[in-house]
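Chemist: One line per chain: the protein sequences are A and B, in this order.
Be aware that the first sequence starts at -13, since it is given in our numbering, and climbs by one per residue.
Be aware that the second sequence starts at 34, since it is given in our numbering, and climbs by one per residue.
Hints listed in this document are in silico derivations from the structure and should not be mistaken for laboratory results.
Treat the hints with caution; some may be incorrect.
Unchecked claim - Estimated spans, in silico, between C-beta atoms of each pair:
| # | chain 1 | residue 1 | chain 2 | residue 2 | range |
| --- | --- | --- | --- | --- | --- |
| 1 | A | Val(-7) | B | Ala85 | 51 to 59 Å |
| 2 | A | Glu29 | B | Ala138 | 57 to 65 Å |
| 3 | A | Tyr63 | B | Gln264 | 52 to 60 Å |
| 4 | A | Leu36 | B | Ala85 | 52 to 60 Å |
What the hints assert, rightly or not - Simulated coverage check for chain A against chain B, where a stretch passes if three residues somewhere in it have a Cβ under 8 Å from a Cβ of chain B:
| # | region |
| --- | --- |
| 5 | 81 to 93 |
| 6 | 140 to 154 |
Cβ atoms here follow ideal geometry from the backbone N, Cα and C, with glycine treated the same way.
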Amino acid sequence: MPAIISVGLLLLAWELYAIYSGIRPTILPAPSRVFEQAMLNREALADNALPTIGATLLGFACSLSAAFVLSMLVDFYQPLRRALFPVFIVSQTLPLVAIAPLVVLWFGFGLAPKIMLVALVTFFPMLVALVEGYESTEVEIGQMLRAMGAGRWRIFLLARLPSALPYFFAGLRISITYAVVGAIFAEYAGAAKGLGIYMLNAKNNFRPDLVLAAVGVSAALTLILFGLTVLVQRLAMPWERAGKKTEGKGPRR
Amino acid sequence: MSRLELRHVRKAFGGLDVLADISLSVGAGEFVSILGPSGAGKSTLFQLLTGAEHGEGEMLFDGARLDDHGRHFAFMPQRDALMPWRRILDNTTLGLEVQGMRRQAARACVAPLFAEFGLAGFERHFPAQLSGGMRQRAALLRTVVQQRDMLLLDEPFGALDALTRTAMQRWLEQMWRHHRWTALLITHDVREAVFLSDRIYVLSARPASIVREIKVPFSRPRCLGGEHARQASALEAEILDIILNPQSIQRTRP
């Protein structure tokens, strides 16, 4: 609720400035004009949002599966961590602005380069989240399971994997926001359709109102994905809320 | 007759002697405590018994060398080690599930014990919803349902507040009288050791060796007042003296 008020005030200030400063709408359009144009062009916007959503979700799915498989390998075979992590850290230092056009140059205007770029920006945060999540397993739970006669694989499934869940979701929330930005960047560098290329064209046609409309759509998209991860987390980790609800007034004996 | 017997067990971690020379035995249905200062290597002893670490010396169970470590011991770690994501019922079935029992069968096995452990009605709760004492009782339930030959209790009440700890000690003594588990308890709480045990081994500081074996002569159920209490505090004082003034023992030793 406070967030709605602060965003509302910001929009109001912007609106007032745009009206009373006499600035031309081709430089800074008022929010009301952006909204109006967004409604007028809603079909084009929706048409261009779909490929962006597709690239985001596909790229994210790829990076999630890769991060999951690799995190397991790293957990079972620690030296891999030292061998691979430097490579991934370097991959995070690559400036997207420089890499995006190159990837498009190599892989064309299709879906592949978008998926790759989304995967590139989201893979490492997810990998780190998972690996650190496994490490966060309580030492005593591991000891106890070993004493019960459980093997490594059993301990991984029973203890390490569920222990990683909070870390996994923290990583998910961060990288899902990167994912949309990554997809738009990839389209900006070259695409047939998508919010990124739509923004580029609108800018070249001196239509900042349409650029901002597309920005609004991408922001809404990110918020929806973010909300979905929060929802999934609640469903996947019912014990977290159960613990918080009764904290401090749990049954005492 | 003794079930567990250790002869001259030693363990060093990277040149640092942790266990110097440990010989002890635990009889069938006997409650034995190992009492020693923090960092004396008490937990290391349990790691050797559960097979997490390997040391020198002989470890025998029912006269046979300990090789398949998982078979004889049910281990209860220092903190309750309940899995936050499992409901209490599913936490207590964990050992049975690891042994290969189906979840439904394991639940049927454990459920009748909830009342005796003061957990009735909390089967579907998550550990975070329970108090410290209840969590420890759930952890003990998880330990005893494994139906192993012997319980290894590693400072089970160390993380509880003083009142809850005392209540849990009384409860455990009562439970033990009913079930007569063969149990080895690690603790640094002198009163706890005297209250619960048939025998106490007093450990020295690191490198740990056994400085004294003490039989606790009091009858069960352990009374809490009168003559008993006086005798118990006299014994507690004697043990404290052994632990805190190691020189005096060396003098009395031949």
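Chemist: Run every hint past the structure and note whether it holds.
Modeler: Here's how the hints hold up against the structure:
no. : hint                             : in the structure
1   : A:Val(-7) to B:Ala85: 51 to 59 Å : holds, 55 Å
2   : A:Glu29 to B:Ala138: 57 to 65 Å  : holds, 59 Å
3   : A:Tyr63 to B:Gln264: 52 to 60 Å  : holds, 58 Å
4   : A:Leu36 to B:Ala85: 52 to 60 Å   : holds, 55 Å
5   : 81 to 93                         : violated (count 0)
6   : 140 to 154                       : holds (count 5)
Going through the hint list in order, the structure does not satisfy hint 5, though it satisfies all others.
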